Structure formats: structure tokens, C-alpha cells
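Letter by letter, the chains look like this.
Protein chains: 2
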Amino acid sequence: MSYMPNWLRQRAELTPDRLAIKSEQKEYTYRELYTASQRRASFLKHSYSLKKGQHIALLMKNSVDMVITIHACFLIGVRTVLLNTRLSSQEVEWQVQNAEVSFILCDRYYAEIVDSIKTVEILYHDQLEDLPSFEKFEEETEIDLRDVATIMYTSGTTGHPKGVIQTFQNHWSSAIGSTLNLGLQSTDRWLLAVPLYHISGLSILIRSVLYGICIVLHDKFDPVKMNRAIQQDKVTIVSVVTTMLKQMVDALGTDEYPTTFRCMLTGGGPIPRPILEVCVKKGIPVYQTYGMTETASQIVTLSPEYCLKKLGSAGKPLFQCEVRIENSGQSCAPNEEGEIVVKGPNVTEGYWKREEETNKSFVDGWFYTGDLGYKDEDGFLYVLDRRTDLIISGGENIYPAEIEGVMLSHSNVKDAGVVGIEDETWGQIPHAFVVLHDERGDQNILEHCQEYLASYKIPKSITILPELPRNASNKLLRRLLKDSVKGHAQ
Amino acid sequence: MSYMPNWLRQRAELTPDRLAIKSEQKEYTYRELYTASQRRASFLKHSYSLKKGQHIALLMKNSVDMVITIHACFLIGVRTVLLNTRLSSQEVEWQVQNAEVSFILCDRYYAEIVDSIKTVEILYHDQLEDLPSFEKFEEETEIDLRDVATIMYTSGTTGHPKGVIQTFQNHWSSAIGSTLNLGLQSTDRWLLAVPLYHISGLSILIRSVLYGICIVLHDKFDPVKMNRAIQQDKVTIVSVVTTMLKQMVDALGTDEYPTTFRCMLTGGGPIPRPILEVCVKKGIPVYQTYGMTETASQIVTLSPEYCLKKLGSAGKPLFQCEVRIENSGQSCAPNEEGEIVVKGPNVTEGYWKREEETNKSFVDGWFYTGDLGYKDEDGFLYVLDRRTDLIISGGENIYPAEIEGVMLSHSNVKDAGVVGIEDETWGQIPHAFVVLHDERGDQNILEHCQEYLASYKIPKSITILPELPRNASNKLLRRLLKDSVKGHAQ
Chain A
1 MSYMPNWLRQ
11 RAELTPDRLA
21 IKSEQKEYTY
31 RELYTASQRR
41 ASFLKHSYSL
51 KKGQHIALLM
61 KNSVDMVITI
71 HACFLIGVRT
81 VLLNTRLSSQ
91 EVEWQVQNAE
101 VSFILCDRYY
111 AEIVDSIKTV
121 EILYHDQLED
131 LPSFEKFEEE
141 TEIDLRDVAT
151 IMYTSGTTGH
161 PKGVIQTFQN
171 HWSSAIGSTL
181 NLGLQSTDRW
191 LLAVPLYHIS
201 GLSILIRSVL
211 YGICIVLHDK
221 FDPVKMNRAI
231 QQDKVTIVSV
241 VTTMLKQMVD
251 ALGTDEYPTT
261 FRCMLTGGGP
271 IPRPILEVCV
281 KKGIPVYQTY
291 GMTETASQIV
301 TLSPEYCLKK
311 LGSAGKPLFQ
321 CEVRIENSGQ
331 SCAPNEEGEI
341 VVKGPNVTEG
351 YWKREEETNK
361 SFVDGWFYTG
371 DLGYKDEDGF
381 LYVLDRRTDL
391 IISGGENIYP
401 AEIEGVMLSH
411 SNVKDAGVVG
421 IEDETWGQIP
431 HAFVVLHDER
441 GDQNILEHCQ
451 EYLASYKIPK
461 SITILPELPR
471 NASNKLLRRL
481 LKDSVKGHAQ
Chain B
1 MSYMPNWLRQ
11 RAELTPDRLA
21 IKSEQKEYTY
31 RELYTASQRR
41 ASFLKHSYSL
51 KKGQHIALLM
61 KNSVDMVITI
71 HACFLIGVRT
81 VLLNTRLSSQ
91 EVEWQVQNAE
101 VSFILCDRYY
111 AEIVDSIKTV
121 EILYHDQLED
131 LPSFEKFEEE
141 TEIDLRDVAT
151 IMYTSGTTGH
161 PKGVIQTFQN
171 HWSSAIGSTL
181 NLGLQSTDRW
191 LLAVPLYHIS
201 GLSILIRSVL
211 YGICIVLHDK
221 FDPVKMNRAI
231 QQDKVTIVSV
241 VTTMLKQMVD
251 ALGTDEYPTT
261 FRCMLTGGGP
271 IPRPILEVCV
281 KKGIPVYQTY
291 GMTETASQIV
301 TLSPEYCLKK
311 LGSAGKPLFQ
321 CEVRIENSGQ
331 SCAPNEEGEI
341 VVKGPNVTEG
351 YWKREEETNK
361 SFVDGWFYTG
371 DLGYKDEDGF
381 LYVLDRRTDL
391 IISGGENIYP
401 AEIEGVMLSH
411 SNVKDAGVVG
421 IEDETWGQIP
431 HAFVVLHDER
441 GDQNILEHCQ
451 EYLASYKIPK
461 SITILPELPR
471 NASNKLLRRL
481 LKDSVKGHAQ
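If you're matching them up, the sequences are chains A and B in order. Under the UniProt record's numbering, the first residue of the first sequence is numbered 1, with each subsequent residue one higher. Under the UniProt record's numbering, the first residue of the second sequence is numbered 1, with each subsequent residue one higher.
If we strip away everything but chain A, and leave its shape as in the complex, we get (with noise of 0.2 angstroms):
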């Protein structure tokens, strides 16, 4: 009951024709990327011996090459570590021994990265010959449900990074889930323009195989050729992290999406109680939704009907998925703020090797998140802020992702980030770093605060800065803006 047909091998079987991929450079049908993957595959193995339930590491972009390379790996039941190309040469070289890999197959582009490496070999993608023709390879025709798919780490704010496992029943359980909720027309087109080596982005390349639909594929991020995307190329799904929302909605002026454009799904924290505001005033469809790599992506996610009445919600859980919030060991009361806990079929069995770890995190199938949240009486789930975030000042909890919203509403503010900074008479108090749009426009941000803010929650002092530290899938690492507050003060 745990096997299936290999998706992309049933999904060229069944709808050949359709288009798979569509960049910049090149369009691929699902029968064209089938005969592609199945020659990397034969060279992979063939070249590299390459065996069944062996892991390899990937550090590359979004490229329809890497594409290919992943459904290559799943054809011979080879395990894909998939790196954060920001990672450095010492962080490369943990997670590929952490996680056993064979080989790192690089990008050229990345040879820096991996040059001092020594300790496992490194293949060049450019090295991969793509002969017109490939030797028959021993394809894994089936897929076991149970096997694991792909390895991603993640950052803890302390000791290494873990690995998380996910198994392609992670992957098929959310991408089902995702459906049932977001439904799903023959004629969609997902926009992939958060990087394939994140869950966000890995779990669009999945999506695309099981439903049969098309992903246009961008490198990078680019708020105006996002923007081009949606409204010249027919795309009608799109998955965002807030800061890209806003850098999309500010492109975008006084335009506007087709009415075609069907769900902008945005993740990686709460979403900004203005750039909702803007969006609803301009049409824009935001799903918001809640997920990790730990979930392969949502597991909680608002469906279309309750888009504007509960605005700032993350929504109800994916189908098959149970979320609860728990405070000291007891589940909380409506409205009641504690740990976001969930299950599913899409949540990760645990951590690669790290036992204790694993342990720590995961009780009777429930995986305890970090995440704060409250649900509200009609069980609508509402994220606050990483645990690890929360600043606690005069015992009041104070949600840095709450005043960051407020501070992005003011006009001449880019970016913002808030951490808490110690105080003698307050145990914290909230600290806040900016980017402006203009060094020498309107900086009253502090009293653009007071409209909307308790006064305990207003920062005490604000740090002008260029950039913020953002990790790659533009999560904000409030972590180093604290490093970087505790230095200025010693």
C-alpha cells in the first residue's frame, strides 16, 4: 500500500504533452524532462556507480538542470541533500559529513565555496555530459512511500544545524493537503522564484508533478519580473515570503494582476497587518499560510472564503493535519498564547542522526514547532513569533513581528527588524533596526508607531541600516541583529 508508480514516470505516461517547465531559456514538456532526468540518471549511475539509498548533495540555483538532476536522483532511489548555496566552506563541509553524502554536485558558480572542501569529492554540474542517447539503467519504476526523499538542513538559533528528513510521503501528503484546499485547474501555473533547495520552492517542483500543471522557473528573485510573470504569463499561483510581497506590491504601482491570477501564497512568517490592507485594497488574492521544513512546506494554510474576514489568520490545518497549542504541558483555550504543535502525514519522522534532538522535539506523532500562536474561537490559527524571538519586557510579551508590521507601514521604510535588548529596569526592551527607502525623506517613525502601538511595545532606540541580515529563503535572522546590538554595546 506504500508504493506507488514514480511520479514523474507516471505523470509523462499520463499527460505527455502538457508543459512541465517554462524558463527563460527553455521550455521543457513532461515527456522531454522524463527523457532528460532518465539520461542524467543513467549517467549518474553509470559514471559515479551511484546505488539505491545512497545520499549526494546538491549546490546549485534554480535552473531547469537542477530540476533535472532531482528527479534524476529520485529515479535511482539516490537520497538529495539539498545546501543553502549562503552557506560557507565550513558549513558545507558539517552538513555533507553529517548527512554521509557520496559527492557534492556543484554549480560552477559556487567553486569557491567548496574549493577547500577535501574531505568528499566535489562534481561539477559542467562535468555531467548529456549524451544524445543513455544506457539502459535500472530505473526505480516504484516509489516507496516510506523512503526518504530528500535531506534539508535547518538552523537552529543554537549548536549545528539538523537535518531534516523527509520522506516522499512528506511530500505527497502536502502537496495533497495543498490541493484540497487551494483546488486545482489543469490550466495553472506556479511561479518558482524562491530557491529549489528550500522546502518552499521544492515542494512547487513536486506539486507540478503529481497535478500535471506548468512552473515557471526564475533563478532568483525579482519583484518586477515577478510581476511580468503573473501578468504576461499566464501564471495563476505564486509562492511568496512577505519581504518578496512587499517588494512585488511596490513594483507593482498603480497596476494590477489578471483576474486569471488566482492565489499569491505567502509564507515565512506573518504577514504585516498594512501589506495585507494594500493587497486586499488592490485585489491581490493572499493566502497566507504557516509551514516549516519540518512540515515538506504549509500545514496550515487560510482558504479563499475567510481571505478578508480573518485577515492576519494563517488559516486551519491542511487536510489530514492537527495543529494545537499547548502552554506548560496543557493545550490552551481559545485565544490563549502558546506553542503552535502539529501532526500530519507531511510532518518529518525527525532529525538525520541527531537522536536527541529528535526526541526533543517530537511526542506521540506531535511536533513541537518553537513557534508562538493562539487559535481564536472559531479555531483560526494565528502565528506571533518565533519562541526564541519573543521579547518579554515588564512581563508583557512583545511580538517583534507586530511592531516590524507597523514600521514596514510607514512610507519611507524598506525593511524592518526588532529584537529585544537587555535593561535593568525592564528585563528587555524592544530595539528595532531600519532600512529606508530615502536617508534624507521622513524618518518619524517612532511617532508613526505611537498611532498603532502600546507604548511598551514602541522600540526605544532604532539602528539605520543599509540591509538587513536575511537568510536565504528572506527570512529576517534577527539572531545576528541581536549579535550585532550586544557588540555595539560592549
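It is worth saying that the hints were derived from the structure and are not from the lab. It is possible that some hints are incorrect.
Treat identical chains as interchangeable: a pair holds within one or across any two.
Cross-link-like lysine-lysine pairs, in silico, DSS-like; alpha carbons within 30 angstroms at most [to be verified]:
| # | residue 1 | residue 2 |
| --- | --- | --- |
| 1 | 414 | 225 |
| 2 | 309 | 234 |
| 3 | 282 | 234 |
| 4 | 310 | 234 |
Here the structure is a predicted model, which means the values were calculated and not measured.
Could you slot chain B onto chain A? The hints should help.
For chain B alone, kept in the frame of chain A given last:
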């Protein structure tokens, strides 16, 4: 990994205010349907001491009440044996004894059928009290996908009927495979006018809850009412069998369906080409499909883009499913005819307490359907007929369905059935039974056949009848026709 929240419970939590069912008398939202099902579950559990794993039989006609009872059974973990309402007393008694049911829950309408049954307790549906509030009961909040959900009896050509075991996994996979092919819109409405005790009806009920869409429920088939529902009740999808389709098209006259009507899912045997051609002309989106009780509904369906290009084909397997054609233990080449063999998570694990029949039909996870067909060079399945209905005449294979299709395209033919009768010279020769629109009208049916069929396929004789014997799901009972010819000859 095999557990998930009870489907109705989760649906009511996710989208409580969406319409779940619309019948002529009543409308229920998902919240209301869940509460009504809890109430019934509580009553059944407390009044009849039902326990998880017990079996009860339902002898009911399509109604909201029947839907509520099925959900109530899922909520207490009781397995439902769905009885065909056209059965004789003896047949009912045999099935409920074989299925080991605790009692039969029966519409008063069918009292005559169950009156003589003394071996099993009968409970009439109008004896169920719908209390305004309900006692707490131990609700099965989670489903184990491996559990048996329902049992439906299917008649072979010889021997007793076999109870097809349908697990929650079978139903789940069927619904998911269907949506990956047909797509899903939150505004979808599925017209249910096929029997709920048949897999074609039950599968709509299950899809509706998983998808969060509305069922428009009819208690029986009426072509005029069905057309009206499509035209006025915002129905987007309809499930029919071939004879229903023909009657609906006839009743439609020069009218058309609205463009929001997107799928006429047509199963229950191959559709005669002339009817398909009429549908194409009228812009009716016919999706031919192939499935059976053992596959929990569809297993092969024609995707939208091939509706015209592959007219007459049942399509390709649903996602997760596989189909092959086999002849004498060998896989057939394209266009070579043989038995249709299928595999997938929607396929039953076997027949209730019928080990021998189960072992005969299942080999290495593949189910031998007993149907004949072939795949063309592009992998599209064409279903020819039941293997047992095949007529072999002078060494030539003759498929009754093909001849019936041609006869049905004659303007005065309302229904047609063809069987083989013994012949000294040819072994077998085809004999036809027809129902005419007008007995005094055009009867040049054999001349009509000569235009479309090779001479060896043309029936040697025709019997005109007022109606043809069909079972509850409108399938032609060729066995009875055959018996009548034999009786006549003797």
C-alpha cells in the same frame, strides 16, 4: 502514518458554513451534517450497544438520512454493508448472513423485502429517534486508513455474490486520484443521482467531504430533473452510466448546458460512439471512465485534453494506479486485446471471507478484472466488454457493446442488448433485443447495422421487448437475456 482525523469531523472544522448537501427537501451545511451524524451515532451506539468493528447493513434509498447514517457509522467505527435495494429477500438474507451484520437498518419502503427474514434483526429507519440533543459518545475522532469502511456485494455470472472489502485507504486514494485528474474548484457541485449503495454513489459522498464541495442529491434517476439541476442548481459535475447519458441527451432536446458545467463522468460500460458524437456536437464535456466496486470507483479516466482526440477511450490510469492488458499470462502489445489487469491503493484487498475467489482474482497485488480491452500505441485504454459476454463466431471475436452502440444510434431504438446464441455452423451468432421508441415507427434496424458493421457482427435475429433487464446501477443483465433465448429455443 495510516491515521488521519475523521473526514466529516475535519471538514466541519475547516469549512463549517459550506453547503454539504442540497436535496429537494433539505439543505445541510457541513456543520449541520456533522452534528446530525453525531446525534445519530450517539443514538445507534447507546440504543443498540454497537461497538467499533461490528457490521450493520443498510437497505435504503438515496436520502440525506442515508448520508447521515453512513457518516454516523464512520464516527463509531461500525462497518456498513450497503445492500442493493433491488435484491430479493433470499438475496438480502444471504448477503447479511455472509457479512455477519448485527442488524439491517431499513427504509419502511422496503419492508416487504425484509419481512420474511428471521435470522437477522430488522431496524426501521423511522424508528431512529432524532433527539434534539445527544448524549456524549466515544467518537472515533481518527480514521485508521487500513480499517474496513464499507462492504458492497458484487454479482459474478455464477455462484453467490462476493462482498468487496473497501477500506478507508481505498476510498481516500480513489478520491485523490480523481481530483488529480479532474481538478477541483471550491464552487464545484456534484450531482448524485446514482444509488448511494453503489460505489458510483458512495464515492461522490466521500469526495464531497474530502473536497469540501456540495452534493446535489436526487433520490432516483430522472433525466428531466437532472437536466434541470445542471441548468439551475449550479451543478458542475455529474456521474452517470451510458443509458442515463442517452436519456439525458434525448430529454435535453435543443437545449444546452451552461458553460460552468464541466464534467459528465460516464461509467458503467463503454459509451456507444454515436452517443459520444452527439455529445461532442452539443459541447457536453463527457469524461469516459472505467471502474468497478473493486476499485472503489474510477481507475481509468480520460483527461480533458483527450476527450476528442481519443473518442471512445476510457483514458489512462488515475495517478497512483496502473493498468495492463494480459493474454494467457503474457502482457499484450499495443492494440492487442486481452484481459484488463489493474493495481493501485484504491483496489480492494479482496472479498469478505471468500479466500478462494480472492486468490483467483489477485496476483502480486494485481487485480484481474475479467473485462476485455486493449491499449493503443499511446497507452489509452479501450474497454471492449466483459470477458463472459464475448461472442465467438466462426473464430471471430464479437463484442456485444459495439453492436449495441450501433443499434442505439438508430433513431427509433431506445435501448438495445446483444447476446450470443448457440449455432451449429458458427459456434455462436449474435442475437439482439431492442426497445423501440415507437412500435409503429421505423424498424429497419438491420439495414442500419449493415452500414456500420462487418457482416459477421450483424445480429441474425431481433426480439422486440418493452424494456431490457438492467440492475440497480443500470448495467444490462445479459445473462437474463441469454436465459430468455434459451427458454425460447427449448
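**OP:** Could you work out which earlier hints the structure fails to respect and list their numbers in ascending sequence?
**Re:** No numbers; nothing is violated.
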